[in-house]
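**Student:** One letter stands for each residue in the lines below.
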Amino acid sequence: MSTTTVAHHDDHHDHHPTGLMRWLTTTNHKDIGTMYLTFSLIMFLVGGAMILGIRAELFKPGLQLMKPELFNQLIGVHALIMIFAALMPAATGFANWMIPLQIGAPDMALPRLNNWGFWLLPPAAILLTLPFTLALFGIGDGALATGWTFYPPLSIQGGIGVDFAIFSVHILGISSILGSINIIVTIFNMRAPGMTMMKLPLFAWGWLITAFLLVATIPVLAGAVTMLLTDRHFGTHFFDAAGGGDPILFQHLFWFFGHPEVYILLLPVWGFIPQILQTFARKPVYGYKAQVYSFWAVGALSVVVWAHHFFTAGMPVPALLYFMYSTMAISLPLAVMFFCWIKTMWKGSMSFETPMLFTVGWIILFGIGGLTGLVLADVAADAQYHNSYFVVAHFHYTLFAGGIMGMMAGVYYWLPKMTGHMYNEKLGKLHFWLTAISFNLTFIPQFFVGLAGMPRRIPDYALQFAEFNMISSTGAFILGLSQLLFVYNIISCIKGGEKATDKVWEGAQGLEWTLPSPPPYHSFTEQPVVK
Amino acid sequence: MRFLKKVGISLAAMLASLSAYADYTWNFPEPVTPMALDTLHVHNKFMVIIAIIFFVVLAIMIYSIFAHRKSKGFKAVADKAPSTAVEVFWVLVPFAILLLIDFVIMGIPAYHSVLVMEDTRDQATMVVKVTGSQWKWQYEYMDGDAQGIKFTSVLTTTEDQRYNRAPKDEHYLLEVDNPLVLPVGQKVRILMTADDVLHNWWVPQFGSARVAVPGFIRETWVQVDKAGTYRGQCKELCGKGHGYMPIVVNAIPMDEYKTWVAAKKEEQKKASEVKEMSKEDLIAQGKTVYEKNCAVCHQLTGAGLPPAFPALAGSKIATGPIFGADGKYLPDSHLDRVLNGKNVMPAWKATLNDTEIAAVITYERNSFGNTAAADPVVQPTQVKAARQ
Amino acid sequence: MATTHSDHHYFVPEGVSYPVTLSAGLLSLAAGFVFSVATDKNKELGYLAAPGKWMMYLGAAIILFMVFKWMGSVITESVTGKYKKWEDRSFRWGMMVFIASEVAFFAAFFGALFYMRELSVPQLASFDPSFTPYKDFMGSWPSAGPGGNILGQTYTPGPLTPMGAWGLPAINTLLLLTSGATITWAHWGLIKNNRKQLNLGLFLTIALGTAFLICQAFEYHHAYTEMGLTLKSGAYGATFFMLTGFHGFHVTLGTIMLIVIWLRSLKGHFTPENHFGFEGVAWYWHFVDVVWLGLFIFVYWLV
Ligand code: HEA
Ligand code: HEA
Ligand code: CUA
Ligand SMILES: [Cu+2]
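Protein chains in written order, with the numbering used here: chain C, 62 to 592; chain D, 160 to 547; chain L, 961 to 1263.
Isolated chain C, as found in the complex:
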């Protein structure tokens, strides 16, 4: 690797503010990445604590802990927090940390906007959860109680919690757009000399498609909730038959965003999973090009299949068929990707450190999520699946296993690079096994109750569902407690531990491993040249 150009901070080299001011004002991509990741971890705990309340309530039939009103608020806020405040910031955090390192860039392209992108998140989280606090003081009736999907007319009927959530979504949206702009620009404009698009690490590719999807769909969500706001307060009739509107219009707009959103959450993971695989299989990724094209295919298909989320809302037959077949088509690129992952492992020289364990577990569990998604795409049977616990199980296999567990693989993979210390391998492995087992304990029973006819979003259920719910709740509590190991492991790794080498993993490949661990404040003061 030779060096040609020099690129770093202007004239003030290494004296940046310290303490709180450093974090409030920083323009450094690693600092910002760290803030995103920390925020994400905290919100994961908050969102998880909320759903533990739900699982406790559902432990046995009857109402024990909370009124239905509170129950409805907790599920919606759980989902919004997990998706927007835990999973998306985790992906953005990794992007901030790793994309500049992986493509040999001096920093993100628009550092000040980058800082703003992060600092929009705390206000959004405050707006989302403030109504709970206000309700304690007798102001309003709590957070939004419509589920995370905001469906009108329920959301038009609701109280101030809905308004708060609308603005929270607006602000989260701005944050995502800023993040996407930054990542797109960084990838297009900041690559090291010689780093052509077809040499781009898959993580950057995954994020690039994610960013495109965000730019195309988040504004539609913003528009949809804006219409909701005007319907609520300014007398418009977008979602009201009396005025010629239609509640289902909202569902179209929401899912035009909502479906691509699920791939927005996973594309970054699909990006770094192959990198982890190649590291621990000690063999380059198989089918790089095929995976890049699959990303594109998933991205393109994802914006044309949205109506599979409301097959039972009443649509003409041709529309039903179209949305069924197009939804099924998404399984094609995914089959290619699964194939490439497994082929990357095949005849490798594999070892199973924690990141690899999470990755293997991830492939299997996400496989279950994806395959059940394929089943859901069937319009006829969806009449049964829709809004039953079967769907809940499906999307936790994709969101928790596919999303959160993927992120955990990423955390263990990169943590030594980011902190300069090795985490505790024993604890990491324990964390993996506990998580994987209790996760299945929590969600496999939900497939069964769902098929047997238990609707989602109900605070209480018929007696025939009692046993499975009890198992599920037990699993959820073990799952929750296991995450404390994760938190402990991260904190102790930041505090100290065995020094990590530059390369960390024997089979690691990519520019980020050429820098010291932890990388210096300004990473590539000299841009590497990729051959």
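To be clear, the hints were calculated from the coordinates, so they are not data collected in a lab.
Among the hints, a few may not be true.
Below, simulated DSSO-like cross-link-like pairs (lysine-lysine); rule was C-alpha separation at most 30 Å, straight line [unchecked claim]:
#1 L/Lys1095 with D/Lys508
#2 C/Lys260 with L/Lys1045
#3 D/Lys399 with C/Lys121
#4 D/Lys399 with C/Lys128
#5 D/Lys446 with L/Lys1045
#6 D/Lys438 with D/Lys423
#7 L/Lys1003 with D/Lys451
#8 D/Lys234 with C/Lys490
#9 D/Lys229 with C/Lys408
#10 C/Lys490 with D/Lys229
#11 C/Lys121 with D/Lys327
#12 D/Lys399 with L/Lys1003
#13 C/Lys350 with D/Lys234
#14 C/Lys408 with D/Lys327
#15 L/Lys1042 with D/Lys508
Just some of the chain D residues that point at chain L, by a computed CB distance under 7 Å [to be verified]:
#16 Ile267
#17 Ile376
#18 Met504
All values reported here derive from a predicted model rather than from experimental measurement.
Ideal Cβ positions, reconstructed from N, Cα and C, are used throughout, including at glycine.
Since the structure of chain C is already known, use the hints to place chains D and L with the ligands on it.
**Tutor:** Leaving out everything else, chains D and L with the ligands in the frame of chain C:
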């Protein structure tokens, strides 16, 4: 590989349960309509297919995990720069497999199911309109002998059972006062609509579910082929009572159905006769009406749940005058509010009959510590007049 | 492929407190707004309206001030030569992606218009005649809906006259199209380093933009006071005012940005080689222009 075993066992259990789908708590409940049967077939077939994919891929992966590990000294074999054509070919194999499954093996049966499902009108012998409202179902028979029969159906599980103060019975949360009654073997066209927010009428054993959208009419159909009582639930989040609006359908043979229709018509005729009633009778009947319809929001004690749901105890409206000097009811009076509703408060004129409205108003004006100075009693005749 | 970057450091600005403060301003604005409209749904919350208003004012003031400061420091960095080709390219890409997101925002409202016009309104008129609740509803566009009861409130559509295309809207089209030309002319001036042409072109563009806004104000006034066409006029009213309203808002922003760059060019900023600030605004202006053409065709003309 404890974990893999665990997953394997769980999935084997899932598969076993599928093949032995006599155990219905693991899978769809026993189908009783052609549509549900069809859906079950599609579902089972699909489940078997994905289970096969899953296990085949899993097997390959597990083999690789055991065979190709560093601890066993396996040296990585680089994919020797496959010629692009070969690479493309291999990558396209899984692609082709899923193509076949998606669009042929699954796609074709699914296509037929959809057509059957959406054909609501052909050979339908009767029409029933189902209206969802917070939080009860209203059923109306739209044609034939039963035309004009109309009733609401609400949960009968008591609050004591829900809050664990009384033992729960067998059909906890799945029992109603007036089940929908349908004749066996007839194709019934169902029109769906809603009064307030979205609801979804779902009886798992019927295999049909359709969202009830306020202001729109949606359609589905059922043809129950086996007599029995079938239970389901609303499955679209519709507010705090979402978990408490079950559906119960009694499917009975045609001749029994005919008798039921006749009896129901007689009963409704009696109920709609409007006569003067004594204050005590009104209050007694009003209490039942109140507990069934109003207590969800205004609570049994009349204390409401302020600020969302106002208290009726001591409410100005529930104690103030109803009728003006000209004998017409005043705007924003008790009768106006109950007949026409306001904001979240539903309008009851379409759901309750004159006697019921008179009764519930009289009850409210003389309970919860209320003593109305003016118009303590409202008579059914007055309500009838007010409707004009 | 951008393999050779200019041989200098990429400019990473020092830490700044604008973004955090800006976010705090947004929080105050949003929460204040919610408080100030809380009464709509809950009578008891009337006492929040006044504090809510003040929170909004405070938030808006913070936001304005911070945007001003932030842009100010960007301008300073620009004129002191901190930005070279490499940074410039970042700004260009960034602006383009931002405009793409704006397009998606408008697409949501166009989508709603299309949906109501082609799907929901006709559907409301096409239910089985023996069961439909809307016996006399024709379902033709423009429509204020069939009327009815929703969540306890009765809505009765009034008579509806759509806004004609060939009066003020046609004039507005002309104004905006001309302004697109004048800004391009100004750009030519800038490239040829003809400052007079640049300043004059910008001034004309601002004048045309302002004229557009004035016309639109007249149009709204006419709609509300004489035609009875309001935001509450069902599907047509909602889509008409939301689409043209958001567009007008973007024109306003565009005009303000034009004024800023006009003042800057009067001060002698921008060189023929280096004028991203100018171009960013020009792109934005063209985008607003194109949205207007969509509006003119689908909202005004083809009714
Ligand atoms: C990250 C999240 C994520 C992902 C990736 C997916 C992926 C998919 N989802 Fe899912 N989905 C959700 C999150 C996600 N989903 C959520 C959150 C909801 C509910 C929202 C709500 O209502 O609140 C939902 C709901 C949902 C529905 C609506 C159900 C209903 O409400 O009625 C449908 C219907 O078609 C669907 C389909 C699919 C399909 C076809 C895929 C496809 O992309 C899947 C493609 C993948 C495959 C086909 C796997 C291929 C695998 C192999 C080839 C081998 C694997 C084997 C081993 C590894 C051993 N999803
Ligand atoms: C990324 C997304 C994501 C993630 C990670 C999760 C994680 C979990 N979810 Fe969630 N969930 C959704 C997205 C997600 N969910 C969505 C979109 C919905 C639909 C909502 C709707 O209907 O609108 C939903 C709904 C949903 C339901 C259905 C509710 C209903 O319909 O009535 C259930 C029920 O079991 C559930 C359970 C769980 C559980 C047990 C976890 C667990 O994996 C959580 C594990 C983590 C923890 C338990 C945290 C551990 C922390 C502690 C124990 C310490 C606590 C201490 C402090 C805070 C200091 N979720
Ligand atoms: Cu009605 Cu849920
Ligand atoms: Cu989807």
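**Student:** Does each hint hold? Answer for all of them.
**Tutor:** So, going through the hints one by one against the coordinates:
no.	hint	result
1	L/Lys1095 with D/Lys508	holds, 20 Å
2	C/Lys260 with L/Lys1045	holds, 24 Å
3	D/Lys399 with C/Lys121	holds, 19 Å
4	D/Lys399 with C/Lys128	holds, 8 Å
5	D/Lys446 with L/Lys1045	violated, 80 Å
6	D/Lys438 with D/Lys423	holds, 27 Å
7	L/Lys1003 with D/Lys451	holds, 27 Å
8	D/Lys234 with C/Lys490	holds, 24 Å
9	D/Lys229 with C/Lys408	holds, 10 Å
10	C/Lys490 with D/Lys229	holds, 18 Å
11	C/Lys121 with D/Lys327	holds, 12 Å
12	D/Lys399 with L/Lys1003	holds, 21 Å
13	C/Lys350 with D/Lys234	holds, 25 Å
14	C/Lys408 with D/Lys327	violated, 58 Å
15	L/Lys1042 with D/Lys508	violated, 73 Å
16	Ile267	violated, 29 Å
17	Ile376	holds, 5 Å
18	Met504	holds, 6 Å
The structure does not agree with the numbered hints 5, 14, 15, 16 stated previously, though it agrees with the rest.
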